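S.K.: We have chain G already, so just place chain Z on it with the hints.
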Amino acid sequence: MSQSPHDDGRLHLDTGLMRESLVSEKLGRRTHSDQVRRMVPDVNMIAVGGRSIMDRGAAAILPLVDEIVECKADHRMIVGVGGGTRARHTQQIGLDLGLPNGGLARIVGGSEEQNRDILQFLLAPNGGIVFIKDEIQNLQLQLNDGMIPVTIGQPPYHCWEPPPSEGVLPENGPDVGLFLMAEVFGARSVTYVRDVDGVLDGDVSSGAELETIPRISARELLERGLPGLPVERELLRTLDRARSVNAVRVINGLVPGQLRAALAGEDVGTLIHNDRYTQESAA
Amino acid sequence: MTERVQWLKSQAETPAPTGPGAIDDPLALRRKFPPVRMLPNTWVLKIGGQSIMDRGRDAVQPILEQLIEARRRGINFILGVGGGTRARHVYSLGLDLDLPTAVLARLGAAVPVQNARMLHMLLAEHGGIMCYVDHFELLPMFLNAGSIPIVPGMPTFEYWEKSPETGRIPPHRTDAGVYLLGEFLGARGVLFIKDEDGLYTDDPKKNPDAEFVPEITAGELLASGQDELIVERVVLEYMQRAAQVREIRFINGLKDGAVLDALEGGTGGSVIRAD
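Protein sequence lines, in the order shown, are assigned to chains G and Z.
All residue numbers for the first sequence refer to the numbering used here, where the first residue is 1 and numbers rise by one.
All residue numbers for the second sequence refer to the numbering used here, where the first residue is 1001 and numbers rise by one.
It should be emphasised that the hints constitute simulated quantities derived from the structure, not laboratory data.
None of these values were measured; they are calculated from a predicted model.
Glycine included, each C-beta is placed from N, C-alpha and C at the ideal position.
There could be a bad hint or two in this list.
Dumping the calculated DSS-like pairs for lysine-lysine here, alpha-carbon to alpha-carbon at most 27 Å [claimed, not checked]: (1) K1255/Z with K1205/Z; (2) K72/G with K133/G; (3) K1206/Z with K26/G; (4) K1205/Z with K26/G; (5) K1255/Z with K1206/Z.
Restraint-style ranges between C-beta atoms, simulated for each label pair [unchecked claim]: (6) H1135/Z with E135/G: 14 to 24 Å; (7) G202/G with L1097/Z: 42 to 52 Å; (8) E223/G with A1274/Z: 20 to 30 Å; (9) P1040/Z with P125/G: 50 to 60 Å; (10) G146/G with D1202/Z: 53 to 63 Å; (11) G1266/Z with S205/G: 52 to 62 Å; (12) K1206/Z with E135/G: 42 to 52 Å; (13) D1227/Z with R224/G: 27 to 37 Å; (14) G1257/Z with I118/G: 56 to 66 Å; (15) R1031/Z with R237/G: 23 to 33 Å; (16) D145/G with I1216/Z: 52 to 62 Å; (17) V1133/Z with G146/G: 25 to 35 Å.
Pulled out of the complex, with its shape left as it was, chain G reads as follows (with noise of 0.2 Å):
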């Protein structure tokens, strides 16, 4: 590895990137990889919703973490958990104030603290502890240690929220954090905890009887524009575009079983795929 001289007046380290725009479209096809490394290739993700099951409180929240903590006797995992109704109820106040997006975003990670707090203290016993960013290198020891690591959704994206391209609200919520940190492990799987059986053929808010889909493409759901989905829409972007893991799975949490078969790799509640999955699949 060289200095190149100062023949621009730059001070250059050589590399296959030396000069280069980092903007070119060419030097991106020019770099790409389907295949990423992985950081903590066995552990699960377990994303429990924050109104579907936090804020129907012992109820929902109880048995799941039972259920939680018989998975750990087979299963490394790392719960997360957004903030439901009290994560609205801030952007709401925050919208009528003005605030502007980044602001939203900034906020909105408090009531994620307090649902993060809660299943930590319920799970302590059994190993519960809390996560947060700065420990993403240590996740290893934490599960070597026999813990069940216990972290907020939201992304840090913070006052660099960006502006959100449907909506005014900002787009990066819980489900794409819990699923971004879970692509940089390589997670074995990522499952959204929800009140519902996956994701529901139809309008939820209809009040009819709708049939679960077992099976759907990230694209070919936002495609779709059902209303009342399950999991936040730009999940289902950032799923389409991720490169290792290429599937979620969205189950009813207030149904025993549900999680411990999900975790067995059981066709239950919905799985949501991206084009890699169905290579790999195929294969």
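M.R.: Same frame as chain G, now just chain Z:
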């Protein structure tokens, strides 16, 4: 167990709690109450990494002198800085090792911090203050005290950076970081200090026939198909839907007085506007 299952089934049929869970028509609320401008009299600047910092003293010192003079004249600004060749070096290593985009973003974030610390040491006597995200709530105090807040340009996405559609280089780097900070603050404007007069039809360092473009819209620039854009693509996309900072300016930091002139409201260089 049967009892528990039955009880849970009855719970599953209970509808989700109501109350202020869903936001009532957020779009109407946003239209009625547009976002507050937090620091409307403050510029957000970015000193280029490869274009300025990697040139060393010859390029950096005259810019700092202008910034000190601007501060003396009572002009408020926050100074951001890019990465440059060391970021390219570590990206290159990371790509070679098949590391994911999020890890590259983490690695790339260290370089603007080094550059910001360099600027801090040089500006300390004149009120330079190193600011990380947790200090942003103190920005009004720093500015009112006549200080120069210095921020590393990278946004804090790091391990949460998403993969781009093509390639593995993090899409949000220091242009995005500085722009989005300006947008959040509702800043007076966002200025990029580089080593060319502004925007050209191609990279002027590689193509001598490239023509100067004083003014263009973000949409035109994206549609032009130009491969080596002057700014990260995401900035052009975000500008289009931003609420506050709808134009960005690029000036030549190697030209005498260009930085001070721009801070005083001058219209040199090139400007990109939202459509």
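S.K.: Run every hint past the structure and note whether it holds.
M.R.: These are the hints, each one checked on the structure:
{"no.": "1", "hint": "K1255/Z with K1205/Z", "verdict": "16 Å, holds"}
{"no.": "2", "hint": "K72/G with K133/G", "verdict": "22 Å, holds"}
{"no.": "3", "hint": "K1206/Z with K26/G", "verdict": "15 Å, holds"}
{"no.": "4", "hint": "K1205/Z with K26/G", "verdict": "17 Å, holds"}
{"no.": "5", "hint": "K1255/Z with K1206/Z", "verdict": "20 Å, holds"}
{"no.": "6", "hint": "H1135/Z with E135/G: 14 to 24 Å", "verdict": "22 Å, holds"}
{"no.": "7", "hint": "G202/G with L1097/Z: 42 to 52 Å", "verdict": "46 Å, holds"}
{"no.": "8", "hint": "E223/G with A1274/Z: 20 to 30 Å", "verdict": "27 Å, holds"}
{"no.": "9", "hint": "P1040/Z with P125/G: 50 to 60 Å", "verdict": "52 Å, holds"}
{"no.": "10", "hint": "G146/G with D1202/Z: 53 to 63 Å", "verdict": "58 Å, holds"}
{"no.": "11", "hint": "G1266/Z with S205/G: 52 to 62 Å", "verdict": "55 Å, holds"}
{"no.": "12", "hint": "K1206/Z with E135/G: 42 to 52 Å", "verdict": "44 Å, holds"}
{"no.": "13", "hint": "D1227/Z with R224/G: 27 to 37 Å", "verdict": "35 Å, holds"}
{"no.": "14", "hint": "G1257/Z with I118/G: 56 to 66 Å", "verdict": "59 Å, holds"}
{"no.": "15", "hint": "R1031/Z with R237/G: 23 to 33 Å", "verdict": "25 Å, holds"}
{"no.": "16", "hint": "D145/G with I1216/Z: 52 to 62 Å", "verdict": "56 Å, holds"}
{"no.": "17", "hint": "V1133/Z with G146/G: 25 to 35 Å", "verdict": "33 Å, holds"}
Violation of the numbered hints given earlier is absent; every hint is satisfied by the structure.
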